[in-house]
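Enquirer: Here is what each chain is made of, one letter per residue.
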Amino acid sequence: MFSLIVRRIISALTTLFLISIVAFILIQLPPGDFVDAYASKKSQGGVIITKEQLDAMRIQMGLDKPLYQQYLKWIGGVLRGNLGYSWEYHRPVSEVIGERISITLILAFSTLLFTYVLAISIGIYSAVRQYSIGDHIATVLGYIGLAMPGFLFALILLYLGQKWFGMSVGGLFSPEFVDVPWSWAKFMDMIKHLWVPVLVLGMAGTAFQLRTMRATLLDELNKMYVTAARAGGVPEFRLLMKYPVRMAINPIVATLGWELSKIVSGAPIVGLVLSLPSTGPLFIQALLDQDMYLAGAMILFYCTMVVIGTFISDILLMIIDPRMRFKRSS
Amino acid sequence: MGKKYLLNVKNLNISWRLDKASVPIVCGVDFSLEPGKVLGLVGESGCGKSVTALSLMRILPKELKIEDGEILFNGHNGGKTVDIAKLKPKGEDIQKIRGGRISMIFQEPMSSFSPLHTIGNQIIEVIEIHKKTARGEAEEITINLLKKAGIADARDAVKRYPFEFSGGMLQRAMIAKALSCNPSLLIADEPTTALDVTIQAQILNLMRDLQREFGTSIIFISHDLGVVGQMADEVAIMYMGKIVERGPTKNIFKTPKHPYTIKLLDAIPRLGNLEDRRRLEPIRGTVPGLFNRPPGCIFHDRCDSYMSGICDSAFPDLREMSENHFVACYLYEKGEMDQ
Ligand SMILES: Nc1ncnc2c1ncn2[C@@H]1O[C@H](COP(=O)(O)OP(=O)(O)OP(=O)(O)O)[C@@H](O)[C@H]1O
Ligand SMILES: [Mg+2]
Numbered sequence: 001m002f003s004l005i006v007r008r009i010i011s012a013l014t015t016l017f018l019i020s021i022v023a024f025i026l027i028q029l030p031p032g033d034f035v036d037a038y039a040s041k042k043s044q045g046g047v048i049i050t051k052e053q054l055d056a057m058r059i060q061m062g063l064d065k066p067l068y069q070q071y072l073k074w075i076g077g078v079l080r081g082n083l084g085y086s087w088e089y090h091r092p093v094s095e096v097i098g099e100r101i102s103i104t105l106i107l108a109f110s111t112l113l114f115t116y117v118l119a120i121s122i123g124i125y126s127a128v129r130q131y132s133i134g135d136h137i138a139t140v141l142g143y144i145g146l147a148m149p150g151f152l153f154a155l156i157l158l159y160l161g162q163k164w165f166g167m168s169v170g171g172l173f174s175p176e177f178v179d180v181p182w183s184w185a186k187f188m189d190m191i192k193h194l195w196v197p198v199l200v201l202g203m204a205g206t207a208f209q210l211r212t213m214r215a216t217l218l219d220e221l222n223k224m225y226v227t228a229a230r231a232g233g234v235p236e237f238r239l240l241m242k243y244p245v246r247m248a249i250n251p252i253v254a255t256l257g258w259e260l261s262k263i264v265s266g267a268p269i270v271g272l273v274l275s276l277p278s279t280g281p282l283f284i285q286a287l288l289d290q291d292m293y294l295a296g297a298m299i300l301f302y303c304t305m306v307v308i309g310t311f312i313s314d315i316l317l318m319i320i321d322p323r324m325r326f327k328r329s330s
Numbered sequence: 001m002g003k004k005y006l007l008n009v010k011n012l013n014i015s016w017r018l019d020k021a022s023v024p025i026v027c028g029v030d031f032s033l034e035p036g037k038v039l040g041l042v043g044e045s046g047c048g049k050s051v052t053a054l055s056l057m058r059i060l061p062k063e064l065k066i067e068d069g070e071i072l073f074n075g076h077n078g079g080k081t082v083d084i085a086k087l088k089p090k091g092e093d094i095q096k097i098r099g100g101r102i103s104m105i106f107q108e109p110m111s112s113f114s115p116l117h118t119i120g121n122q123i124i125e126v127i128e129i130h131k132k133t134a135r136g137e138a139e140e141i142t143i144n145l146l147k148k149a150g151i152a153d154a155r156d157a158v159k160r161y162p163f164e165f166s167g168g169m170l171q172r173a174m175i176a177k178a179l180s181c182n183p184s185l186l187i188a189d190e191p192t193t194a195l196d197v198t199i200q201a202q203i204l205n206l207m208r209d210l211q212r213e214f215g216t217s218i219i220f221i222s223h224d225l226g227v228v229g230q231m232a233d234e235v236a237i238m239y240m241g242k243i244v245e246r247g248p249t250k251n252i253f254k255t256p257k258h259p260y261t262i263k264l265l266d267a268i269p270r271l272g273n274l275e276d277r278r279r280l281e282p283i284r285g286t287v288p289g290l291f292n293r294p295p296g297c298i299f300h301d302r303c304d305s306y307m308s309g310i311c312d313s314a315f316p317d318l319r320e321m322s323e324n325h326f327v328a329c330y331l332y333e334k335g336e337m338d339q
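For the record, the sequence lines run as chains U and P.
In terms of our numbering, the first sequence is residues 1 to 330.
In terms of our numbering, the second sequence is residues 1 to 339.
Keep in mind that the hints were calculated from the coordinates and are not lab data.
Possibly wrong hints are sitting among the right ones.
The calculated SDA-like cross-link candidates involving lysine to any residue, where the alpha carbons are at most 20 Å apart (straight line), are [to be verified]: (1) P:K147 to P:A201; (2) P:K159 to U:I319; (3) P:K62 to U:D135; (4) U:K223 to P:L318; (5) U:K223 to P:G46; (6) P:K131 to U:R238; (7) P:K96 to U:I319; (8) P:K65 to U:E236; (9) P:K88 to U:P235; (10) P:K90 to U:L218; (11) P:K96 to U:L218; (12) U:K242 to P:G46; (13) P:K132 to U:R238; (14) P:K90 to U:V226; (15) P:K62 to U:E236; (16) P:K132 to U:I27; (17) P:K65 to U:P277; (18) P:K90 to U:N222; (19) U:K223 to P:E63; (20) P:K90 to U:I319; (21) P:K62 to U:I319; (22) P:K62 to U:Y125.
Here are the in silico distance ranges between beta carbons for each label pair [claimed, not checked]: (23) P:P61 to U:F187: 45 to 53 Å; (24) U:E236 to P:N11: 57 to 65 Å; (25) U:F187 to P:K88: 24 to 32 Å; (26) U:A215 to P:K132: 34 to 42 Å; (27) P:E92 to U:L4: 25 to 33 Å; (28) U:L4 to P:K62: 35 to 43 Å; (29) P:E140 to U:S94: 27 to 35 Å; (30) U:H136 to P:E92: 28 to 36 Å; (31) P:G226 to U:L4: 46 to 54 Å; (32) P:K159 to U:L155: 25 to 33 Å.
Derived contacts from chain P toward chain U, CB cut-off under 7 Å, selection only [stated by the list, open to error]: (33) L87; (34) G99; (35) M104; (36) I129; (37) R160; (38) F253.
Since we're looking at a predicted model, the values are computed, not measured.
Glycine is no exception: its CB is placed at the ideal position from the N, C-alpha and C atoms.
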């Protein structure tokens with residue numbers, strides 16, 4: 001088991017390394033660079049910058065060097081904990097994204113928790129009470145959840161919040177807490193606002209995982225081993241939880257990394273619509289500005305989350321399914 | 001009826017409930033079993049053997065319902081009779097009986113254990129539930145049982161998962177699990193069908209030995225009359241949800257009465273058959289589907305002794321031909337053809 005985990009860690013690190021290369025190339029792909037973007041912005045403001053000035057900027061930023069040298073310089077810094085400098089904000093990248101990352105993390109993990117708690121419990125209910133009214137309601141809500149894009153749902157919530165409660169459901173803090181340092185009161189205020197983005201971000205995933213849970217559990221409930229355990233006199237609730245539910249949770253846990261990647265990739269758009277102080281809006285702006293180190297750091301951050309999610313899901317699977325431990329070790 | 005029965009099943013009817021109709025699957029089955037005896041339940045695939053067995057423990061799938069009948073069981077509560085058919089299928093009473101007083105061995109050992117839990121865990125659980133023993137003690141009991149069931153390295157085996165066992169070993173473990181709380185009735189639903197022939201013989205021997213040692217009554221289900229002949233004191237022959245003949249094993253083999261029983265016996269390969277090079281004769285026709293049960297005697301459309309106007313009128317009653325030997329066939333009704 002230990003050697004399996006070590007192997008997993010090595011493959012996760014390799015994945016991250018490859019991703020960093022791809023990410024770096026992708027950021028460079030759009031025509032032009034930060035200097036061009038900067039120049040066109042300035043010229044809109046009526047300021048003309050000469051070609052010599054631009055070239056000087058490039059040399060200063062290292063943009064004149066070949067791509068691989070730029071990459072090596074960047075990744076070397078990253079490995080030493082230096083994420084580089086954001087030209088747009090004139091501050092180190094780590095400072096720019098610091099607080100926003102913690103908010104994104106809170107958002108992603110609350111959404112994940114929400115998704116799994118809801119999907120598993122409603123899934124169990126739906127399967128055990130198949131074709132009951134509750135099951136039908138869950139099914140209909142599930143289809144809506146699957147079909148509606150997150151940003152549309154966010155817009156609807158914004159509209160309804162405005163119309164019915166006369167308040168904005170956007171943002172993550174009440175106005176009085178926006179610019180004050182963290183405190184218990186600020187944290188509680190965030191929890192109160194958190195449900196809207198969590199609902200929007202988690203809706204599709206919850207609906208999907210709920211369908212999976214229901215279908216797998218229905219399948220498992222009819223399996224021979226359940227009847228056999230029942231024939232041993234195991235009380236119904238304990239039987240349900242110990243045998244078929246544990247089996248049915250397998251495919252759900254297996255897709256944890258994938259679910260996290262859906263949440264992470266949905267987050268920027270939803271963050272923008274709901275004007276959240278998360279990394280999402282920042283990321284989109286960084287891409288538009290060609291603020292290369294900032295964008296690179298964020299892609300790396302998102303990918304790390306997904307890789308960690310996959311890693312956690314693999315470890316969990318090994319814990320709950322003995323067949324995993326054996327198959328891979330032999 | 002002076003005899004003390006362990007189990008007495010009367011007029012058991014089970015049907016498959018669909019939205020608009022219900023399809024009969026077991027239709028008025030009667031049989032009884034004395035303590036310490038082995039009853040063989042025989043019939044072709046799909047005749048309702050497993051459904052009957054599952055109903056005795058009230059572990060039928062949701063869509064199957066006991067419509068009528070009694071399942072009187074005396075092996076519980078110091079001999080007070082309980083009607084299992086009247087118990088709530090999720091109630092505490094039946095849970096105490098399951099695994100404690102009546103237990104079951106299933107056809108497919110591979111799929112009858114949870115793949116996520118060790119064998120030990122799944123046997124210990126049953127002991128803990130019924131005997132209220134501490135874990136350590138339950139584990140010792142389990143190890144002893146596994147040894148008795150012929151698993152050599154029992155102390156290691158409790159820690160292993162089902163996929164680390166062979167089918168034969170799992171069937172041994174299932175026997176150990178079934179006997180763990182000293183039940184008075186053991187239902188073995190084709191316990192050897194999924195195993196290869198040499199293992200089959202070992203498992204049958206094991207069951208016979210343990211039956212003698214524990215004095216457990218057994219309902220032994222099989223589609224193989226030959227196997228049942230080795231195990232059972234009494235045999236009941238089932239066809240399309242009905243018992244068409246039942247009696248002491250010797251009588252069934254020596255003087256079978258029902259045309260269906262006779263055909264089943266003809267289909268067993270025997271040395272005699274091989275010598276005179278007679279071909280094994282399959283039974284003409286196939287079992288009709290659940291949705292078109294023939295009227296009258298359900299076997300009439302495959303029967304060589306079919307009597308028009310009689311056999312297709314109503315199902316014949318079981319009549320006693322000799323002591324304890326019953327048959328449901330118009331050939332043996334008074335005033336009909338002598339046999
Ligand atoms: N869950 C179910 N829903 C509907 N019909 C069922 C169900 N289980 C069994 N049946 C039907 O009931 C009939 C009897 O099935 P059963 O499993 O008791 O047969 P069996 O005699 O045990 O056969 P086999 O030798 O193949 O095990 C079959 O026709 C089967 O199709
Ligand atoms: Mg069967």
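Enquirer: If a hint holds in the structure, say so; if it does not, say that too.
Expert: Cross-check of the supplied hints:
As the CA atoms of K147 of chain P and A201 of chain P are separated by approximately 18 Å, the hinted pair is consistent with the 20 Å bound. Distance check on the hinted pair: K159 of chain P and I319 of chain U sit about 16 Å apart at the alpha-carbon level, within 20 Å; holds. Simply put, K62 of chain P and D135 of chain U have alpha-carbon atoms about 17 Å apart, close enough for the 20 Å limit, and the pair holds. With a C-alpha separation of about 36 Å, the suggested pair K223 of chain U and L318 of chain P falls outside the 20 Å cut-off, and the hint is violated.
The suggested pairing of K223 of chain U with G46 of chain P holds, with an alpha-carbon distance near 19 Å, which does not exceed 20 Å. Taking the CA atoms of K131 of chain P and R238 of chain U, the gap is about 17 Å. The hint holds against a cut of 20 Å. At most 20 Å may separate the alpha-carbon atoms for a hinted pair to count; K96 of chain P and I319 of chain U exceed this at roughly 32 Å. Distance hint between K65 of chain P and E236 of chain U is fulfilled; the C-alpha atoms sit about 18 Å from each other, no more than 20 Å.
About 13 Å separates the Cα atoms of K88 of chain P and P235 of chain U, which keeps this hinted pair within 20 Å; it holds. Only pairs whose Cα atoms come within 20 Å are accepted, and K90 of chain P paired with L218 of chain U is accepted, the gap being roughly 18 Å. Taking the CA atoms of K96 of chain P and L218 of chain U, the gap is about 26 Å. The hint is violated against a cut of 20 Å. With a C-alpha separation of about 31 Å, the suggested pair K242 of chain U and G46 of chain P falls outside the 20 Å cut-off, and the hint is violated.
With a C-alpha separation of about 16 Å, the suggested pair K132 of chain P and R238 of chain U falls inside the 20 Å cut-off, and the hint holds. A threshold of 20 Å between alpha carbons decides the hint, and for K90 of chain P with V226 of chain U the separation of about 14 Å falls inside it, so the pair holds. A threshold of 20 Å between alpha carbons decides the hint, and for K62 of chain P with E236 of chain U the separation of about 14 Å falls inside it, so the pair holds. Our distance criterion of 20 Å between C-alpha atoms is broken by K132 of chain P and I27 of chain U, whose separation comes to about 66 Å.
Restraint check for K65 of chain P and P277 of chain U: the C-alpha separation of about 59 Å exceeds 20 Å, so the hint is violated. Straight-line distance between C-alpha atoms of K90 of chain P and N222 of chain U comes to about 16 Å, which keeps the hinted pair within the 20 Å bound. Among the hinted pairs, K223 of chain U with E63 of chain P is consistent with the structure: their alpha-carbon atoms are about 15 Å apart, no more than 20 Å. Among the hinted pairs, K90 of chain P with I319 of chain U is inconsistent with the structure: their alpha-carbon atoms are about 31 Å apart, more than 20 Å.
At most 20 Å may separate the alpha-carbon atoms for a hinted pair to count; K62 of chain P and I319 of chain U exceed this at roughly 32 Å. Distance hint between K62 of chain P and Y125 of chain U is fulfilled; the C-alpha atoms sit about 16 Å from each other, no more than 20 Å. Taking the beta carbon of each, P61 of chain P and F187 of chain U are about 51 Å apart, inside 45 to 53 Å as hinted. As the Cβ distance of E236 of chain U to N11 of chain P is approximately 28 Å, the hint placing it in 57 to 65 Å is violated.
Range check, F187 of chain U to K88 of chain P: Cβ separation about 49 Å, and the 24 to 32 Å hint is violated. For A215 of chain U paired with K132 of chain P, a C-beta distance near 38 Å keeps the hint of 34 to 42 Å intact. Roughly 43 Å separates the CB atoms of E92 of chain P and L4 of chain U, a value that falls outside the hinted 25 to 33 Å. Under the hint 35 to 43 Å, the C-beta atoms of L4 of chain U and K62 of chain P, about 40 Å apart, fit the expected range.
Remark: the range hint 27 to 35 Å for E140 of chain P to S94 of chain U is contradicted by a beta-carbon distance near 60 Å. Checked against the hint of 28 to 36 Å, the C-beta distance between H136 of chain U and E92 of chain P comes to roughly 31 Å, which is consistent with it. Checking the proposed 46 to 54 Å range against G226 of chain P and L4 of chain U shows it holds: the Cβ atoms sit about 49 Å from each other. Between K159 of chain P and L155 of chain U the beta carbon distance is about 56 Å. The supplied range of 25 to 33 Å is therefore violated.
With 7 Å as the threshold, the beta carbon of L87 of chain P stays out of range of chain U, its nearest partner Cβ sitting at about 13 Å, so the hint is violated. Nearest Cβ of chain U to the Cβ of G99 of chain P: about 4 Å, under the 7 Å cut. The hint holds. Taken as an interface hint, M104 of chain P checks out: its beta carbon lies about 5 Å from the nearest beta carbon of chain U, inside 7 Å. Hint status for I129 of chain P: holds, given a least beta-carbon distance of 5 Å to chain U, under 7 Å.
For R160 of chain P, the suggested interface contact is broken, since its CB lies about 10 Å from the closest CB of chain U, more than 7 Å. Nearest Cβ of chain U to the Cβ of F253 of chain P: about 31 Å, over the 7 Å cut. The hint is violated.
The earlier numbered hints that this structure contradicts are 4, 7, 11, 12, 16, 17, 20, 21, 24, 25, 27, 29, 32, 33, 37 and 38.
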